Amino acid sequence: MSSELWVSMEAILPLIILTLWSCALLLVDVFFLKERKGVTALLAGLGLVVTLVVVIAKTGRPEVGFGGMVVADDFSNFLSVLLLVSGLAGIALAYDYLERIEVKHSEYYILLLFAITGMMLMSMSADLIMIFLALELLSIPLYVLAGIAVPKLASEEASIKYFLLGAFSSGIFVYGTALIYGATGTTSLRGITAAVGTPNFDLTLLLVGSGLILVGLGFKVAVVPFHMWTPDVYHGAPTAVTAFMAVGAKAAGFAALLRVFILAFPSLSTNLTPVLWALAALTMILGNVTAIAQRNIKRMLAYSSIAHAGYILMALVPYGQASVSSSSVASVLFYLVAYAFTSFAAWAVVIAVEQREDKGLELDDYAGMGRKYPALAAVMAVAMLSFTGVPPTLGFVGKFYLFWTVMQGGFVGLALIGVLTSLVSAYYYLRVVVIMYMRDGEPLVRRETWLYLTACIAAVGTVLIGIFSQPLFEWASQAVLKLF
Amino acid sequence: MNFLLNPLTLVTFFPLLGVLVILFLRPEQKNAARWVALITSLVTFVISLAVLIQFRPADFALQLVVKVPWFTVAEWVIYFHLGIDGLSILMVLLTTLLLALSIVSTWKAVEDRVKEFMVFFLLLEVGMLGVFLAQDLFLFYIFWEFTLVPMYFLIGIWGGPNRMYAAVKFFLYTMAGSILMLLAILWLGIQQGTFEMPELIAKGGIPANLQIWLFLAFAIAFAIKVPMWPLHSWLPDAHVEAPTAGSVILAGILLKMGTYGFLRFNLSLFPQATMQLAPWIAGLAVIGILYGAAVSYAQKDVKKLVAYSSVSHLGFVMLGLFALNAQGVQGGILQMVNHGISTGALFLVVGMIYERRHTREMDAFGGLWKVMPVYAVLTLIISLSSMGLPGLNGFVGEFTILLGAWGAGQPGASLGTPWFAGLAAIGVILAAVYILFMFQKLFLGPVTKDENRNLPDLNWREIVTLAPLIVLIFWIGLYPKPFFDLMGPTVNHLVASIQSAAVAGLP
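Chains Y and V are the protein sequences, given in the same order.
At position 125 of the first sequence the residue is numbered 125 (the numbering used here), and the sequence of numbers has no breaks.
At position 202 of the second sequence the residue is numbered 202 (the numbering used here), and the sequence of numbers has no breaks.
Calculated directly from the structure, the hints in this document are not laboratory data.
Just so we're clear, the structure is a prediction, and the values are computed from it rather than from any experiment.
Worth double-checking, as some hints may not be accurate.
Residues from chain V shown here face chain Y by an in silico Cβ test under 7 Å; the list is partial [what the hints assert, rightly or not]:
(1) Glu145
(2) Gly156
(3) Ile157
(4) Leu172
(5) Leu231
Simulated crosslink set (DMTMM-like; lysine to aspartate or glutamate; CA at most 25 Å straight-line) [as the list claims (entries may be wrong)]:
(6) V:Lys30 with Y:Asp440
(7) V:Lys30 with Y:Glu442
(8) V:Lys169 with Y:Asp364
(9) Y:Lys372 with V:Glu28
(10) V:Lys108 with Y:Glu362
(11) Y:Lys372 with V:Asp112
(12) V:Lys67 with Y:Glu474
(13) Y:Lys482 with V:Glu75
(14) V:Lys169 with Y:Glu362
(15) V:Lys169 with Y:Asp440
(16) V:Lys300 with V:Asp450
(17) Y:Lys372 with V:Glu111
Label-pair ranges, simulated between beta-carbon atoms [said to hold, decoys possible]:
(18) V:Asp112 with Y:Asp364: 18 to 26 Å
(19) V:Pro207 with Y:Asp364: 50 to 58 Å
(20) Y:Ser267 with V:Pro207: 31 to 39 Å
(21) Y:Glu99 with V:His358: 46 to 54 Å
(22) Y:Arg446 with V:Leu42: 36 to 44 Å
Each residue gets a CB set at the ideal place from its N, CA and C atoms; glycine is no exception.
Throw the hints in and build the complete structure from the sequences for me.
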């Protein structure tokens with residue numbers, strides 16, 4: 001093997017491991033008895049742990065592979081760790097839940113692994129074609145996962161809706177890529193930056209292309225007005241899938257947005273910043289206001305996840321200012337971690353309260369939790385406070401960092417919209433707490449070790465990392481985006 | 001790790017130890033939870049006394065400072081930075097004292113979910129002490145917002161019939177104010193390169209037109225907490241629904257966080273804006289004094305009456321602070337302490353009668369003096385202190401404030417007209433009216449209701465709860481010098497620096 005290929009292979013080593021592991025698992029799984037599918041879950045988890053070890057071992061050495069198409073740097077390492085840990089949470093949440101709602105497909109775990117591979121690839125891609133490939137690799141397993149509760153109608157509906165709109169957005173993304181290729185003659189992020197200002201370069205085409213890229217990725221991270229699918233898909237998909245999707249797809253989407261915008265489009269910031277500004281403002285306002293009207297916890301959390309996409313997008317607005325862009329990256333990464341911890345805490349409780357046939361998903365089903373199940377209620381309360389952004393939770397520190405970035409960029413108005421919508425969000429997050437602690441009821445709750453473990457780790461992490469956040473700050477600010 | 005043994009760190013976080021112990025108790029072990037909470041709060045009080053002993057009143061600078069880097073955002077270092085000076089020492093002592101007394105008062109009043117109650121109560125103490133001690137804006141904000149959470153639960157779980165509404169209203173109102181402050185803090189930190197109070201004050205140099213905006217962003221947060229008219233509407237709801245101990249802490253300490261915020265942050269960070277806006281703030285304060293008194297008079301529910309009287313009393317505090325002279329500010333700080341003692345005690349007294357009769361309607365009582373003489377005498381002392389009878393603590397505070405406001409009424413001084421002091425003086429008379437009216441309705445005349453004939457008088461636990469407050473009422477009323485001595489040098493320094501900064505900023 002030539003040494004260049006060798007370096008390339010080393011760069012994507014975690015992906016290779018994960019892919020091979022998944023393929024092997026697909027074969028091995030056939031031989032397990034129907035009653036012993038738990039083994040698949042365990043093996044899938046093991047695969048994630050092995051990959052995690054490899055990723056961590058590789059930190060600190062940026063590697064460029066395949067002629068600059070793939071980059072394994074601190075940025076992608078950060079996200080890979082986040083995604084792999086989210087995958088572990090996704091498995092832990094599903095372990096008992098799938099059996100309970102009578103989903104007997106152990107492919108869940110394998111599809112999850114494939115989706116994570118796609119998400120990790122997305123964080124490493126330094127070429128629009130590569131991003132497209134990753135987008136498909138992460139999306140297709142998610143389409144299937146959303147519908148894995150077949151023959152449940154809601155789940156099928158979620159799947160088909162997600163697929164149709166997802167296919168659309170992929171198409172838009174490719175179209176954008178084509179236009180950019182037309183404008184610059186290349187799809188590599190480095191090439192695009194280099195092409196700006198050369199004689200054959202076409203600014204209008206590049207602008208339109210970048211807009212289409214924003215639309216395509218904006219769909220993945222559920223930014224208004226490309227969010228229409230979110231409530232239905234989050235609601236219809238099995239809750240464990242929703243939990244994983246909410247965190248993973250968002251992290252991957254923002255990874256691509258960050259890398260593309262900061263590396264390839266800094267010269268377009270005068271045109272794109274107002275667009276991002278408007279999208280962020282719209283997303284925060286619409287997501288939070290609509291969430292107030294929800295009585296179903298899954299739909300409420302779906303709208304809340306839209307709102308959080310708005311907060312994260314806010315940090316991208318000043319991406320063109322060289323002095324702020326590193327803060328943009330670090331604050332988005334930081335917030336993604338905060339969002340992951342908080343989300344898993346919340347979704348774990350939702351899964352515990354959910355009963356068969358979509359029972360136990362109304363807000364009123366949480367009445368009396370504070371008295372009957374103090375631990376789970378505390379987890380949910382922590383999650384809600386962290387989503388609101390109340391200190392000393394991780395959610396607060398994360399939001400603080402986002403607002404910091406926005407203020408540093410000089411967008412006081414946007415920050416103002418951000419804090420005001422946070423106030424709106426306090427209303428519906430607190431409602432959950434009010435119902436749990438201040439109303440009496442007989443909640444039905446599933447008690448299961450993995451579920452409790454995930455819930456507790458996520459909640460304790462939300463508080464403790466919130467207080468002792470220095471390591472996370474350091475780690476996130478190391479993940480500087482550079483051209484290779 | 002030396003900073004952990006600093007008395008300020010110790011006093012702030014000691015209650016957490018109690019929280020940890022209580023978390024390991026079973027829900028049935030109610031008495032154990034109570035005892036652990038009580039002992040924790042008493043030890044915290046003792047630690048705060050140790051802080052007092054180490055405190056050098058003659059020195060206006062921050063003392064017993066702890067400053068450890070907490071985390072780094074970009075190039076900005078955020079510190080875990082605590083310090084105490086003449087502005088906060090009395091607040092810290094008031095907090096630790098009232099907290100211990102409130103816990104005693106819950107002994108029989110709280111029977112449901114005692115464990116959680118005590119956990120939230122002690123967490124609240126951590127938050128409040130942190131607010132009074134934090135010298136880093138970010139740290140301050142964390143403690144400030146954090147106090148919302150336990151208080152929200154205290155109102156929402158152990159409160160009256162309309163508790164959910166009151167709890168959410170309390171939370172949203174307060175948060176609405178503080179998020180604007182968060183933006184102002186961020187702006188300050190990014191522009192000035194630091195979040196440390198001493199450095200921010202030393203740096204100064206914020207243009208006057210920007211100062212106004214920043215001042216307002218901070219002021220709204222604090223004004224809601226105080227609460228200043230017209231931002232007070234959450235207060236009656238929260239007070240009426242909160243359990244007794246919650247009301248004591250809410251009135252006694254949480255409201256002081258607002259006035260303290262003005263004192264610590266607005267006055268010293270934005271001196272020019274302070275000078276410019278002082279008449280406006282004083283105007284709102286006077287409206288609050290008169291409005292609070294008038295509305296108090298109209299109440300039928302004793303607790304609501306006391307709640308509205310807080311609006312009036314805190315109007316005095318605000319007027320004193322924004323007189324911007326040594327007398328006014330000192331009077332304001334002393335009145336903060338006085339209000340904590342008197343109104344805290346009034347809420348305790350109201351809670352005691354509520355425990356016996358489960359109503360707070362004034363019409364349900366009458367002639368209680370004959371039935372419960374000890375209770376009546378103690379209530380009389382507390383009521384008289386609240387309305388500012390000479391010889392008791394309220395008088396000293398209000399008199400000093402009026403003196404300061406009058407002095408600030410000279411042409412060229414902060415208020416520019418003596419009318420503020422003049423109108424506020426009417427509030428003193430009105431206070432006498434509604435307080436005496438309440439006292440008469442409850443205690444004087446014949447016993448009209450049969451239910452009241454056999455009410456037991458105060459027991460030892462209840463007397464012990466009130467006794468320290470009564471002692472303080474007389475002490476401050478007769479010999480306030482030690483209290484003024486504690487704050488004097490810091491206040492004089494603050495006032496002088498505001499004057500000079502404001503003069504320097506003039507075109």
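Checked against the structure, which of the hints given earlier come out wrong? 5 and 10
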